[in-house]
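> So you can see what is in the structure, the chains are spelled out below.
2 protein chains.
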Amino acid sequence: MVVGGDAAGMSAASQARRMKGPGELEIVAFERGHFASFSACGIPYWVGGDVPGRDALIARTPEEHRARDIDLRMRTEVTEIDVDGGRVRSRDLESGAEEWTPYDDLVIATGARPLRPDLPGIDAPGVHGVQTLDDGQALLDTLAATPGRRAVVVGAGYIGVEMAEAMINRGYEVTVVNRGAEPMATLDPDMGRLVHRAMEGMGITMVNDAEVTELLTGDDGRVRAVVTKDAEYPADVVVLGMGVVPETALAKAAGLPLGGHGGLLTDRAMRVRGHENVWAGGDCVEVLDLVSGSERHIPLGTHANKHGQVIGANVGGGYATFPGVVGTAVSKVCELEIARTGLREKDAHRAGLRFEAVTIESTSRAGYYPDAAPMTVKMLAERRTGRLLGVQIVGREGAGKRVDVAAVALTAGMTVEQMTSLDLGYAPPFSPVWDPVLVAARKAVAAVRSRQG
Amino acid sequence: MVVGGDAAGMSAASQARRMKGPGELEIVAFERGHFASFSACGIPYWVGGDVPGRDALIARTPEEHRARDIDLRMRTEVTEIDVDGGRVRSRDLESGAEEWTPYDDLVIATGARPLRPDLPGIDAPGVHGVQTLDDGQALLDTLAATPGRRAVVVGAGYIGVEMAEAMINRGYEVTVVNRGAEPMATLDPDMGRLVHRAMEGMGITMVNDAEVTELLTGDDGRVRAVVTKDAEYPADVVVLGMGVVPETALAKAAGLPLGGHGGLLTDRAMRVRGHENVWAGGDCVEVLDLVSGSERHIPLGTHANKHGQVIGANVGGGYATFPGVVGTAVSKVCELEIARTGLREKDAHRAGLRFEAVTIESTSRAGYYPDAAPMTVKMLAERRTGRLLGVQIVGREGAGKRVDVAAVALTAGMTVEQMTSLDLGYAPPFSPVWDPVLVAARKAVAAVRSRQG
Chain A
1 MVVGGDAAGM SAASQARRMK GPGELEIVAF ERGHFASFSA CGIPYWVGGD VPGRDALIAR
61 TPEEHRARDI DLRMRTEVTE IDVDGGRVRS RDLESGAEEW TPYDDLVIAT GARPLRPDLP
121 GIDAPGVHGV QTLDDGQALL DTLAATPGRR AVVVGAGYIG VEMAEAMINR GYEVTVVNRG
181 AEPMATLDPD MGRLVHRAME GMGITMVNDA EVTELLTGDD GRVRAVVTKD AEYPADVVVL
241 GMGVVPETAL AKAAGLPLGG HGGLLTDRAM RVRGHENVWA GGDCVEVLDL VSGSERHIPL
301 GTHANKHGQV IGANVGGGYA TFPGVVGTAV SKVCELEIAR TGLREKDAHR AGLRFEAVTI
361 ESTSRAGYYP DAAPMTVKML AERRTGRLLG VQIVGREGAG KRVDVAAVAL TAGMTVEQMT
421 SLDLGYAPPF SPVWDPVLVA ARKAVAAVRS RQG
Chain B
1 MVVGGDAAGM SAASQARRMK GPGELEIVAF ERGHFASFSA CGIPYWVGGD VPGRDALIAR
61 TPEEHRARDI DLRMRTEVTE IDVDGGRVRS RDLESGAEEW TPYDDLVIAT GARPLRPDLP
121 GIDAPGVHGV QTLDDGQALL DTLAATPGRR AVVVGAGYIG VEMAEAMINR GYEVTVVNRG
181 AEPMATLDPD MGRLVHRAME GMGITMVNDA EVTELLTGDD GRVRAVVTKD AEYPADVVVL
241 GMGVVPETAL AKAAGLPLGG HGGLLTDRAM RVRGHENVWA GGDCVEVLDL VSGSERHIPL
301 GTHANKHGQV IGANVGGGYA TFPGVVGTAV SKVCELEIAR TGLREKDAHR AGLRFEAVTI
361 ESTSRAGYYP DAAPMTVKML AERRTGRLLG VQIVGREGAG KRVDVAAVAL TAGMTVEQMT
421 SLDLGYAPPF SPVWDPVLVA ARKAVAAVRS RQG
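Chains as they are written, first to last, in full-length UniProt numbering: chain A, 1 to 453; chain B, 1 to 453.
No lab work stands behind these hints: they were computed from the structure.
It cannot be assumed that every hint is accurate.
Since the list gives no way to pick one copy over another, a pair counts as held whenever it fits inside one copy or between any two copies.
Derived SDA-like pairs: lysine to any residue, alpha-carbon spacing no greater than 25 Å straight-line [as the list claims (entries may be wrong)]: (1) 20 / 443; (2) 20 / 450; (3) 346 / 292; (4) 229 / 258.
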């Protein structure tokens, strides 16, 4: 039995079905929304017009799941989990009918919910989240009905910067109101500052250190401005991208173990700790950060898919594990590519690690090759051991996916000295003769060596 | 003392200079050509018109080297190495004057020389190699003087396909005459076939299994056709890209140890085996293949630079090593990107390894994102252990550099099962939710698992 019909839940169901036929395993999945298996990560590109329509974001329809003998019950919300009794209570959101259904194995994949602080005006027409396909459609309907000029995006994380791009693409004047010192708090502030400058270069107004206190509405009841302690930003439409938290109210009520970030805690097989037949994956769980050794909450479709795969294999009688993450993320805002993996400076401090941090400038291709695009690479290496701790990259085309090299090196526990010898692909259209990641590694080696003690 | 003033030699000189000042270390470098420190890899892009001029390919001029207290003697050929006497004999190619110069440490960086079989007509006007900047200029002069229509490229390795692109860009009808069964013999034939088809799609005539026997000349003495056993291909210009071999005649005459590919053999510090004060790097050495455990000859600027760095550090009183390669290479022909790392099927057989080979199709971006470009990934994994052995990628934009993930995984000795959990960057503009490399790894895991025994 699966609670939550998106990436983690339906991957688990599909993988289990691949391993066991309908005669061997019955699969029921509950989804309270109108859609299953959709790409939430794609919503900004749909809103921005890069993706033609909503259906492109649907990986698999409910009918396709049902054709594979998965009893997917849409618009059906699970309202209670009875772990001791091995059953869940669900409510049909159309008819209101409730029932208890027993399970042998339970998969919790309830996802995350967007932060939406209880501010005056936050529920006014014209204020939109972008978590679900319904949210995306509502925002598009607003844009079509109110061809305004000014959009304010609240939050400057991945969703915030992606939505800033989307609104620019829709022809809006965009202001991003950000609580932090620089956009992209998943980067160190010095790298976030590069994002800040680039966004300003794109014509986006970036307001940092700004906490929203209120949203003002006009005579028609629609939002007309975003208010912070210091200023007021006129808005025809407001997009909220203030982050998400694990959706674990059900799990908490059922007495299942939650971590410091509010996510479910699992073992390596994605089994909820202490519960032989309860599994969890996706945005509702915490994952082990292999670099710091602590748990983190990283809502990301690619992890959710991997979790689902692992759960499905285990429930289907096989064996698979999810060893953890190194914290890789990549994003873009217009032409600017932003990537990170491993620890930021403050993560390393928090983990008790001492380190050297170096930053280099390089290009995506040989300097003499056309369209060689600049990029900045920051690298952290542990003192004494020289172990790679993290990499952040901000640049133009070809910058973002270079972070993958560092992600693999982190997973393998490589030192920056070992990285300097990495045999990375070289040809003038693809890289300078020293790949930017290797240039950073060389500088990190020098920094680690020069430090006494 | 450095013999050969290109990537490896001058990197060694520069690194040694960074470590020891002119009062501590005297550096003499001999270069027989007209240029030092140039990017041979860039020549096809200069000929093709992507790179504006020859000077863009010169990383550092002789004057710049001399300004850093490196006594670089241009147009001066070393004609003999006296290892026992610790001296080299050189000839000034302008004056013809010869002299012996003593050394404490010798760095051999004599590079590679292009294969140029002794065929009738091969020295006719209109037949060009592309090894040096002089070669490139001569070819450009020919193209300017004889605005012909038909170019024949002999050879379909990296240089061959890059020169095919260059000649297409110059407006020629291009025929590639290739000895092998498919172009890009550094790939397995099934992957080479994809390159073959794509090149045909670009309007390049691809002739495989064709050994050149003769080049015909016209009444003016210029080349007019390339002849194979089966056919004759009219040509206004012929470009030779038949591969290179280590330029080690001097080293051989000096009694230094050569390997099975004709390259110098070194230890991990790039010291010539058995010789405390003789070092060698770049295209004249053989390198250890970390996957097969055997030596290979891989002429590539990025390795030459690393070798030079290591030699310079060691000669300068520091310590550095070059552990070996995994055989990564990336190239493109027009929009097609071609990449490989590790072992091909025949390399694995030769190394005594049994393996599973899988091939998958995926895209560079989420399928619904604009410009998601197709790519084919082939992966080899060792039987039983599941250790990654090699990856080949053929695709469009965004395909080539994905091979780096596999290069790092190979270096770390990862299994394909471990690879399935790699935390690679995901966002719709950068990757499908399962990166193509991970899709291949999953299929490889299944292949290894399903094989009995």
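> Work down the list of hints and note, for each, if the structure agrees.
Right, here's what the structure says about each hint:
Taking the shortest Cα distances, residue 20 and residue 443 sit within 25 Å of each other only across copies (19 Å), while inside one copy they are farther apart (52 Å). For the identical chains of this complex, residue 20 and residue 450 are inter-copy neighbours only, at 16 Å across copies versus 58 Å inside a copy, given an alpha-carbon limit of 25 Å. Only within a single protomer do residue 346 and residue 292 lie at most 25 Å apart by alpha-carbon distance; the minimum there is 11 Å, versus 41 Å between protomers. In this homomeric assembly, residue 229 and residue 258 never come within 25 Å of each other (Cα to Cα): the closest approach is 35 Å inside a single copy and 75 Å across copies.
Against the hints set out earlier in the document, a violation occurs for number 4 only.
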